[in-house]
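From first to last, the protein sequence lines stand for chains A and B. Quick note: the first sequence uses full-length UniProt numbering, first residue 1, plus one each step. Quick note: the second sequence uses full-length UniProt numbering, first residue 1, plus one each step.
Source of the hints: derived by calculation from the structure; they are not laboratory data. Don't be surprised by glycine CBs; every beta carbon is placed ideally from N, CA and C.
Distance windows between CB atoms, simulated:
| id | chain 1 | residue 1 | chain 2 | residue 2 | range |
| --- | --- | --- | --- | --- | --- |
| 1 | B | P234 | A | R70 | 37 to 47 Å |
| 2 | A | S59 | B | E94 | 28 to 38 Å |
| 3 | B | P142 | A | R70 | 49 to 59 Å |
Here are some chain B residues pointing at chain A (derived, C-beta under 8 Å):
| id | residue |
| --- | --- |
| 4 | R12 |
| 5 | G13 |
| 6 | T95 |
| 7 | G96 |
| 8 | S104 |
A partial selection of chain A residues facing chain B, derived with a Cβ cut-off under 10 Å:
| id | residue |
| --- | --- |
| 9 | P73 |
| 10 | R87 |
| 11 | L105 |
| 12 | I108 |
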Amino acid sequence: MDNPALEVLGVSHAFGRVVALRDVELVVPRGRFVALLGINGAGKTTLFSLVTRLYDNTSGVIRVAGHDLRRAPGKALARLGVVFQTRALDSDLTVAQNLSYHAALHGIDRATARARMAEVLAQVDLADKAGMKVAALSGGQQRRAEIARALLNRPDLLLLDEATTGLDVRSRREVLALVRGLTMGGVSVLWATHILDEIAPEDLVYVLHQGAVLAHGEARDLAGAEGLTRAFLTLTEAEA
Amino acid sequence: MTGWRAWAIVFRGIVWREALRFVNQRGRFVAALVRPLVWLFIFAAGFRAVLGLSITPPYQTYVLYEVYVTPGLCAMIQLFNGMQSSLSMVYDRETGAMRTLLVSPAPRWFLLLSKLMAGVFVSILQVYAFLLIAWAWDVRPPAPGYLAILPALVLSGLMLGALGLFVSSAIRQLENFAGVMNFLIFPMFFASSALYPLWRMKESSELLYWICALNPFTHAVELIRFALYLRFDPTSFLVTAGGFAGFFAAAVYMYDPAKGLWVRRKGQAG
Chain A
1 MDNPALEVLG VSHAFGRVVA LRDVELVVPR GRFVALLGIN GAGKTTLFSL VTRLYDNTSG
61 VIRVAGHDLR RAPGKALARL GVVFQTRALD SDLTVAQNLS YHAALHGIDR ATARARMAEV
121 LAQVDLADKA GMKVAALSGG QQRRAEIARA LLNRPDLLLL DEATTGLDVR SRREVLALVR
181 GLTMGGVSVL WATHILDEIA PEDLVYVLHQ GAVLAHGEAR DLAGAEGLTR AFLTLTEAEA
Chain B
1 MTGWRAWAIV FRGIVWREAL RFVNQRGRFV AALVRPLVWL FIFAAGFRAV LGLSITPPYQ
61 TYVLYEVYVT PGLCAMIQLF NGMQSSLSMV YDRETGAMRT LLVSPAPRWF LLLSKLMAGV
121 FVSILQVYAF LLIAWAWDVR PPAPGYLAIL PALVLSGLML GALGLFVSSA IRQLENFAGV
181 MNFLIFPMFF ASSALYPLWR MKESSELLYW ICALNPFTHA VELIRFALYL RFDPTSFLVT
241 AGGFAGFFAA AVYMYDPAKG LWVRRKGQAG
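The following block holds chain B by itself, in its conformation from the complex:
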């Protein structure tokens, strides 16, 4: 199998399969929207009165809490989508479907990247559906922001999806996934700027502030937030891009037949 055309066919095939699975599991789409909508409708309404927000970039005036929290919830959708992909990778590995992918002739890094991009595509659809509902809830960023956010969503989706890929390589059984939720997803989400600005964190704990500031999820949130308001934050861009490169390289290493996961695996009967 050589040439860009064959690679394009492989890429299209992997995206097409993910899209089909997505269509077959419409409940997943709705479920993925319920979580951020609960935050937007209930949590934000409750905390609007409690959490005061000063003017911080990219906002040029005071904003309501639901306006502040919306970019964080977009990133939350992508974080959970990345972990959902990770879960389905572990499931595919247990059922054997993963082997079909891995024994195909295309290089493994390309197969993993294609799978990653298919997941990002699905997550972007979910984010836009969420933003549409948020618009109806009076969260209305500037109209060009809906377009400007797209490259930011691609990059943040790639970083969070790559993290999910890496996590999937380290999980041996589906049952271990609850641990990932407790030890990775929740701390990553709560120790970030998704729900509260970092200056508020600094007021309560310097250490916590630094944890949040170093959390790559914070930078994914800020990248989205700035893009939605037609601004570019170079630090967030660099950290998110670097996070993607690092997590993806780690995932490729773990899925390499000569290294990582496959060397550590125990033999199967037969």
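So here's chain A without its partners, still in its complex pose:
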């Protein structure tokens, strides 16, 4: 249990001749909120696709809770909860039906799934919406339903790829506060974003730009005296 929630070691990836990631090294310690910060096209989604095994990592090593993603993909994926950038709920089904489906995909039996659904829906404040069709929920509620779904298999690591995209300010704050709260319960979080004000001073931050990690450390250390925005611009403009 002492393994980090996620280790990405020396991972590169290319689409044909286009290099999307270059020798990326990233570690998400247990119980930490880690922000993966980068502008659009930085390689965040490619990295997420590799960690979720949508793409195969042909170089380097990816370990989830100590399980090598290539050698033991089933064990590694069982420890993951994922919220994708684009919403991936079935809008024709109810919230409960979507969650039941996800629980089944993780081999969770019905009785356990029912108990966990009640638990995670209460956690995301959607207990009263279980019977509603997803199409009838607001954007923020759909995001929270996706987070509930990602928590059903009790993951060690929660991956969220620009989870606040398309949400209003209030919903954004709610989702962010909800996810931060999860780290108190021991869940580790990798939060991909390009929005600087979603990052708190104590967060561990990886700055990804043009497929490479330019800097990492606690946000307050990276920000220094000039502030995170200025520091981020300085880093990325120097590389441009």
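Given chain A's structure and the hints, the job is docking chain B onto it.
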């Protein structure tokens, strides 16, 4: 996730989701029946007088054209159902729902097989509904044939569904689906024994006859036709089973993260 019990839960979950979607889209069920019924009621009535049918196995006497065409229409339902599944796979991929399936811990081949079998289950329900209406239209094969046809429908459904899976891996956008209709489904259906016996094809063109004879859809049709009349056609069985194995292996290859589709995909923004 280990053990047969966990696999059974995954399988049940995927079938259950397809069943729910099916219930939510009842119009799809009706629409899937309309196509073969139009063929049976209108096309068959019109062509009965034009197309003479000699006695060919498994029939032991002369049969009306609507009797001849019924097994072909059963296979047609499964062909279109397979392509409908393919369409929904492409849609799921575009909306992101596919990723939920593919990032789950079960092996990808098992996920694809479960999805395939869920589609076959739906197609068999449609075929039986069609056969019931055909019975009312005086197309009445022997009663045990309704049971004997079931394994044939499972195998033909698996082959046509696997073809749909493979096709879905090759289509990048929903808009490309019209091309699949024109270049795959229609030629496959018309160049087969579904609507006319192959000896008739041979009379008009030897080349066309061979195209039809080599078409795996022809063998799915014949497998169903023979089973419905309580006969077993080993050639059709072997070709259909081989077609299933080949198409499914190709689909698994295309959906493998290290190969096929995912390697060829371009990266997404972010």
